[in-house]
Amino acid sequence: AQSVTQPDIHITVSEGASLELRCNYSYGATPYLFWYVQSPGQGLQLLLKYFSGDTLVQGIKGFEAEFKRSQSSFNLRKPSVHWSDAAEYFCAVGALTGFQKLVFGTGTRLLVSP
Amino acid sequence: EAGVAQSPRYKIIEKRQSVAFWCNPISGHATLYWYQQILGQGPKLLIQFQNNGVVDDSQLPKDRFSAERLKGVDSTLKIQPAKLEDSAVYLCASSLSSNQPQHFGDGTRLSIL
Numbered sequence: 010a011q012s013v014t015q016p017d018i019h020i021t022v023s024e025g026a027s028l029e030l031r032c033n034y035s036y037g038a039t040p041y042l043f044w045y046v047q048s049p050g051q052g053l054q055l056l057l058k059y060f061s062g063d064t065l066v067q068g069i070k071g072f073e074a075e076f077k078r079s080q081s082s083f084n085l086r087k088p089s090v091h092w093s094d095a096a097e098y099f100c101a102v103g104a105l106t107g108f109q110k111l112v113f114g115t116g117t118r119l120l121v122s123p
Numbered sequence: 002e003a004g005v006a007q008s009p010r011y012k013i014i015e016k017r018q019s020v021a022f023w024c025n026p027i028s029g030h031a032t033l034y035w036y037q038q039i040l041g042q043g044p045k046l047l048i049q050f051q052n053n054g055v056v057d058d059s060q061l062p063k064d065r066f067s068a069e070r071l072k073g074v075d076s077t078l079k080i081q082p083a084k085l086e087d088s089a090v091y092l093c094a095s096s097l098s099s100n101q102p103q104h105f106g107d108g109t110r111l112s113i114l
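Sequence order for the protein chains is A and B.
Reminder that position 102 of the first sequence reads as 111 in my numbering, one-by-one numbering, no gaps.
Reminder that position 28 of the second sequence reads as 29 in my numbering, one-by-one numbering, no gaps.
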C-alpha cells in the first residue's frame, strides 16, 4: 500500500521569498503524484500532477515540483511567494494502474509573513 | 464548467442522530469519491464509485455509514447513528475516469455535539 509523509506541519515564509515543501512517498511501483492546495473552508484544488515523462512538472499559480525516484520525493517549489499563497498544501500518491486510489499526506500549513 | 457541488455546507447534530450529505459531480465524470477529513489530517477515502457501482469501500465504517449513487450521477452519504469521532469535513470529488485527476467540492463540515 502507498503512503505519503509531509515532514513539515507548519512553514513560515516571507512574502517574496522562495518556498519548498517536502513530500516523501512510499509505493512499490511507479506512482501518480499530486499536489493539492486547500484554503480555509474550501475543497482541494489541484496544483500539479506527475504521471510520467519529464520529472520537473509545472503547475498553476507559478508552482513546480520535481519527482526524484532515487529519493522517493516530490517536493513542491515556488520562486517567489505571495501573501495569497497562505493555505494548507497536501501531497498525494496514487496507483498508476487500476482504479485510482489517492493517499494523502497530513498536509503542510504555509504562513506568509509581510 | 461547473464544479463539484455539495450540500449542506455545515451541519450540527447530536450524537446518535442521523445525517445525510449530497454531492453533484461535474457533468460527465464517471468516477465519484467521498473522503473524510478530520481536523489536522489529510483526506481519507471512504468510498469510490465508478458510474453507479462501488469500486472501493474498504475504509467505510459500514455499520454506520452508507452511500449510494443512483443513476450514476448524484450521490448521497449517510451516517446513522453518528458518533463524536465522526466530526469532520466530508469531501466529495469526481474525475472523468478512474485515472484522471480528481476535482473536489467545498465539503460539508459536520459537528457532533
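Treat the hints as calculated values from the structure; they're not laboratory data.
Any given hint might turn out to be false.
Said to hold, decoys possible - Straight-line Cα separation of at most 30 Å, DSS-like style, residue types lysine-lysine; simulated pairs:
(1) B:K16 <-> B:K84
(2) B:K16 <-> A:K58
(3) B:K63 <-> B:K79
(4) B:K45 <-> A:K77
query = Holds or violated: K45 of chain B with K77 of chain A, Cα cutoff 30 Å?
reply = Given that 30 Å is the threshold and the Cα spacing comes to 25 Å, the pair holds.
task = Compare the distance between the alpha carbons of K16 of chain B and K84 of chain B with 30 Å, and conclude whether the hinted pair is satisfied.
result = holds, 5 Å
request  = Could you grab the alpha-carbon distance between K63 of chain B and K79 of chain B and see if it respects the 30 Å cut-off?
outcome  = holds, 10 Å
ask   = When you check the alpha-carbon spacing of K16 of chain B and K58 of chain A, does it fall within 30 Å?
value = It is violated: about 39 Å lies between the C-alpha atoms, which goes past 30 Å.
The earlier numbered hint that this structure contradicts is number 2, and it is the only one.
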